[in-house]
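There are 4 protein chains.
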Amino acid sequence: MVAKRIPVDLSKAPEEQDTIHNRWHPDIPMIEMVEPGDEVMLECMDWTGGQIENNDSAADVRDVDLTKVHYLTGPIGVKGAEPGDLLVVDILDIGAFEEEQWGFNGMFAYENGGGFLTDLYPEARKSIWDFHGINASSRHVPGVSFAGIMHPGLIGCLPSRELLSEWNKREQALIDTDPDRTPPLAAPPYADTAHMGRMKSDAAREAATEAARTVPPREHGGNCDIKDLTKGSRVFFPVYVPEAGLSMGDLHFSQGDGEITFCGAIEMAGWIKIRVNLIKDGVKKYAVRNPIFQPSALQPDYKQHLIFEGISVTDSGEQRYLDAHLAYRQACVNAIEYLKQFGYTGAQAYAILGTAPVQGHISGIVDIPNACATLFLPTEIFDFDINPSTEGPKMMVSADEIPTAIWDK
Amino acid sequence: MVAKRIPVDLSKAPEEQDTIHNRWHPDIPMIEMVEPGDEVMLECMDWTGGQIENNDSAADVRDVDLTKVHYLTGPIGVKGAEPGDLLVVDILDIGAFEEEQWGFNGMFAYENGGGFLTDLYPEARKSIWDFHGINASSRHVPGVSFAGIMHPGLIGCLPSRELLSEWNKREQALIDTDPDRTPPLAAPPYADTAHMGRMKSDAAREAATEAARTVPPREHGGNCDIKDLTKGSRVFFPVYVPEAGLSMGDLHFSQGDGEITFCGAIEMAGWIKIRVNLIKDGVKKYAVRNPIFQPSALQPDYKQHLIFEGISVTDSGEQRYLDAHLAYRQACVNAIEYLKQFGYTGAQAYAILGTAPVQGHISGIVDIPNACATLFLPTEIFDFDINPSTEGPKMMVSADEIPTAIWDK
Amino acid sequence: MVAKRIPVDLSKAPEEQDTIHNRWHPDIPMIEMVEPGDEVMLECMDWTGGQIENNDSAADVRDVDLTKVHYLTGPIGVKGAEPGDLLVVDILDIGAFEEEQWGFNGMFAYENGGGFLTDLYPEARKSIWDFHGINASSRHVPGVSFAGIMHPGLIGCLPSRELLSEWNKREQALIDTDPDRTPPLAAPPYADTAHMGRMKSDAAREAATEAARTVPPREHGGNCDIKDLTKGSRVFFPVYVPEAGLSMGDLHFSQGDGEITFCGAIEMAGWIKIRVNLIKDGVKKYAVRNPIFQPSALQPDYKQHLIFEGISVTDSGEQRYLDAHLAYRQACVNAIEYLKQFGYTGAQAYAILGTAPVQGHISGIVDIPNACATLFLPTEIFDFDINPSTEGPKMMVSADEIPTAIWDK
Amino acid sequence: MVAKRIPVDLSKAPEEQDTIHNRWHPDIPMIEMVEPGDEVMLECMDWTGGQIENNDSAADVRDVDLTKVHYLTGPIGVKGAEPGDLLVVDILDIGAFEEEQWGFNGMFAYENGGGFLTDLYPEARKSIWDFHGINASSRHVPGVSFAGIMHPGLIGCLPSRELLSEWNKREQALIDTDPDRTPPLAAPPYADTAHMGRMKSDAAREAATEAARTVPPREHGGNCDIKDLTKGSRVFFPVYVPEAGLSMGDLHFSQGDGEITFCGAIEMAGWIKIRVNLIKDGVKKYAVRNPIFQPSALQPDYKQHLIFEGISVTDSGEQRYLDAHLAYRQACVNAIEYLKQFGYTGAQAYAILGTAPVQGHISGIVDIPNACATLFLPTEIFDFDINPSTEGPKMMVSADEIPTAIWDK
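Residue numbers (my numbering), protein chains in the order written: chain W, 1 to 409; chain H, 1 to 409; chain B, 1 to 409; chain Y, 1 to 409.
Heads up, a few of these hints could be off.
Note that the list lumps identical chains together, so a pair holds whenever it fits in one copy or between two copies.
As a list, the in silico DSS-like pairs of lysine-lysine whose alpha-carbon atoms are at most 25 Å apart [as the list claims (entries may be wrong)]:
hint : residue 1 : residue 2
1    : 169       : 79
2    : 340       : 280
3    : 303       : 280
4    : 4         : 394
5    : 79        : 280
FYI, nobody ran anything at the bench for these hints, they're computed from the structure.
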């Protein structure tokens, strides 16, 4: 039933493949045209284009070049699509390559952007996760195993010229408020490492100077890193250019809400099958600004959770005003400290929150001055009972048994 | 099986009842002592102590005195509880009074603190929700009905003197950064309307000058407004004073994540049954800072959702840095604009998001500069199909039919 | 919102109350008339009308008079209802009386009809279950606790004269195939203990000789004992007589699929709130023979199960042909034998299967000669881990600790 | 991570492949030895070994040779396994072959064994289902689409000589009660079409005369057709012969409880990944007679259902005694009659019940003389609303549009 298949070659550098691009620009040529109703199977490199290896050292995560990431497969052109339409994308299935049944989770070094908790965990870390059918487990993080909720971290349509211009303007304005910050406030266009797909070289060079980086989610979707865009979900994307131009990549085997480790989920190379349809003039009909979507009937259904609260007070006791970012951070820190009582290192616990299907909820957002966020940690994913009891926690995991020195001890 | 019952009298003012208090202070006397393992049934006034009426005018919401709210029933003393213990609270059941099968949802006026979207909806609004067994519906918001996820908006143990002092210090420091702000950044102690339970008058007067207001969630739980603390859940609260001193109130029939309308959930008077137990020295054993909890096996299980994304760019196009608060705001605004296409007024749609069991997820929190939040709106709660289709939305609701002029049209 | 309330008096014998009946007959007078859209709250005695006590002896279960059971509250008349309509019943809520927070589960003695496994457990047994809010636990069955899925075991409309005649004819034909069987094949009309509600005495006496007993489920619903008819569900009942005549009772706090202990669920006295509506001529429109229903959004959502298979081979090794009854029996026996390895007596395990929200599935029904049934036992309801492990089971329960001698040891 | 892969060749007849067998016998040689903890990927033919084609004629279903079916891949030997152990099988993943993204559902002709409703639907029927990622839909059954719950219809360990003898004895005894029945009561050994795997020809010929047919589920599991044995589940199989000898096949993309169409589910060729482990002496430790299993965390989670009841009264009004088989039949017939009101032919509706993830529950099994069974039909799988309403049903499907004449009209 798959009309077309767009392959990638994992043995080649992404720059050598013209079905791939790593910037957003309206002029990137379609690599394939499809009809509404068609199904397409796209192969994707992992988000770093192969920079990370299946080994026991975090050196590659530490040294990754973050301007050379998010290698997207596409853009796919849809006949009849016009700006203002909604592109209906059914995510039919996602999988790892049969011969590549593994993925990685990393925490960037502080210098490289870090992660959500980079102040606490400033060094590069890596864990390798092996896939056992629908489940993943890691030799670097023992005692835990969970069903994947596979999804594309990054998916969306090409921006129009106007939208691109707006992105560049507003993000540069933010950068200008603190241009020397480490990590930077945003990632401006950077031509040197741009891969503009099938654009001719002169045009590509020029477009690259203004083409948007792929880091943030934006109006078109993009790097939204929403774990719920899993197989079986349906997404409605705004169309900005004729023929839509849908691209995707950054496949994840699993991820927790927030992708807090930044590098981030369980990252993998693989394939994704989609079907496209159109709702003509749907943007206006439904007053759509950002993509909307319907979840899948098929998701890991963990029901037993231990839930951690966080409020918007810093570790040093400073009160912030309704800061949901901080509240979620504190919920995450609380969960990590809890898991350490069972023997996990902080970085291991952090990796669990980044990879397992944890939920991050904004529970209270109006009770001044504290936002309240909650982190739902499924307890069924552990080999042992992590619930509180009168006996207190037992040390179930020993960092000494881990086959690598990459973890903090 | 209920060992003890703590009644309230809805026909009396809360100030006249000594089983009630509306401030946090370590010296508020226990109104009842129980043993670990005991079950207690506490009756509670609605959070305003009866200021809001079941009628078609929002005048009472507009004029509410917010220093006279959060009338809590308690504190309950638990024999043997000591600072550093975890108080294990099983929330056994919650209900409305048989003769009071209704609740209210309000949006405060901007002057009164407003709600999450007070810039867009600055005027006071109210909707009355009738309970039909486990479901609620409103004559002010037609076309929608949902199963309640009843919970106490506010529950926690008395703070120690040290903790209270820390709260006052850090919140005052925040206020001092912009002391004249409307709405204020935080709510400092305010003795005039303090209800100190059974404290003797002289001591009460003095304590009231430092007793913490109940608005924000804090380390002890408090006004966390977490919809998931529903009947069947188990909560582990840090204990700060001998005998713990557990109080609760602000019962909600239902609420969406964030309680975005501020007044906020479907607020009700009613009763709550709990059972208490202790984990001795549990705070240290499990490295607990904020309460942790286990969810209930019995919750409304809506599976079909329409999910709205929001990113941290303001309505005027300003880029903010990883601002989850703003991202969730935009997801909410997107959902409201969507629902308006079916005939709802903005305030009606806003009320739905505040009352129905919507989920607010922090989906992406590391992809600089945009946080990505998602709002999960259950579609099964509507009488009509709200999913996108090629036909476009139909006007299913008419504000003209609403029996009141309180809504924006 | 409750339009009308139909009380019962638990301190009086059911025969003394005229809002109650215990037979099905078209001429039983309506005790209350309601309009479509109305809500009604009906109080109900427990199914035995108070024959069973909260104590530690099974003597009352052993001696129960089974011709004096199923005391139903009703019938309620619905204005405008005509034969051929569908009566739409929303089950809004169900509860125990505040002062009666307990229920009972019994196994009848073989002479009294026994239960599903009466050949293995021929003696009368009883367990008392205490309600702790939404959960039940029993001093007679330690180590297990679960959220109730409250429902009426018995609900339906009065039969027409023709339908009643058909019931009597076909059931008598069955009885005639083995009239002296113990237990009997069916329960024929029995006038002596009939309670015909508000029928005048002469008419009642005559009608009682043909009025249908309430034991079996039939076309109108009746004693279907479907645990899923819980609060929040909607049922569509065929209407056979003018004004429908809806009656109900036999309230259950919880029950497993099959109600295998016969007496059977956790039986309780209590109340039920319903709302009625009509689909005119719905029986024909939807080709309805038996009631159909929609489940509730609010049900205990246990996800972790241990699942037992059974096939249609008897204990003595005899092969039966696609006998789903036998297959489910064997699945139940397999589960009981499994639970005995943890220290439960057989009768205790049997009681768990009768009361807890276990699911009984007909998994395979065509693979000659064996039907395959599966019993889904939720593992989260136990205080200890009952999953298989390499260590083998541990004795977690000791019958010696049970405060009664009613159990087999 | 896959240690070993056992291929099949779909282009060859099953008889030509020695990794396949279609009978149960203790002497069938292991085709591969694995260690506890190993993962294996087995490819499987569809259950008919390729007799059914992807076309619009049911002739192949009508003419299928039922003695040449259930081609199982295996047996796999597990080092260290001994009789009395439990073989722990994790079903890691299941899939169709990339180039074979389709399956079939059939109803056998009455002469060929028919299906559950063969008296009503005596003619052969077939529907082809196309896989669109995780979902299936059919050109023969419009308006319906659902997520697959992939599982092996048939899996289990080789029987011991004693167990095989018991099977043959008890099944022959059943056949002897009505030896000329059509369809037959059971399927006795039949040497002519036996495929005994790698047994040497002389030994194979002899063993074939006593080797058990694969049709029924038995103590070892076998053809249990339990839809819940899906990817992510864990099964505990009794071991009867040294090295266990685990075989499997009859892969289903999806199936409803009961597999009522007999041929049956959505049948497919494909592959299955498993991991094996042992619980030594587990049969005795846990008192295991039939396999037990734990379900997957990843299953289609349809929540909205329309539920049909059935009782044990025949279509002609004859009363049967607690006959769960008949009660489930009536629930199925009721659902089919209901679906016909929307335009489906009876055979189409029947095919939906056989293929979609419907649940069949034994709801009441003790209320003499009627068993009560319920069929849960998920309503979300239909493109249109099938719930009852005051307007009545609309004809949404037209048999005239179906590209084949195989359906009854």
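Could you place residue 169 and residue 79 in one of the four classes (within, between, both, neither) given a Cα distance threshold of 25 Å? Classified as neither: same-chain Cα gap 31 Å, cross-chain 62 Å, threshold 25 Å.
Homo-oligomer pair classification [residue 280, residue 303; C-alpha up to 25 Å]: neither (39 Å within a copy, 28 Å between copies)
Since the copies are identical, ignore which copy is meant and state whether residue 340 and residue 280 lie within 25 Å (CA to CA) inside a copy, between copies, both or neither. between (53 Å within a copy, 19 Å between copies)
Identical-chain pair category, residue 4 with residue 394, by Cα at 25 Å: For residue 4 and residue 394, the Cα distance exceeds 25 Å both inside one copy (53 Å) and across copies (36 Å).
I want to check one pair: residue 79 and residue 280. Are their C-alpha atoms no more than 25 Å apart within a copy, between two copies, both, or neither? For residue 79 and residue 280, the Cα distance is within 25 Å only inside one copy (12 Å; across copies 48 Å).
Of the numbered hints given earlier, the model fails hints 1, 3, 4; all others are met.
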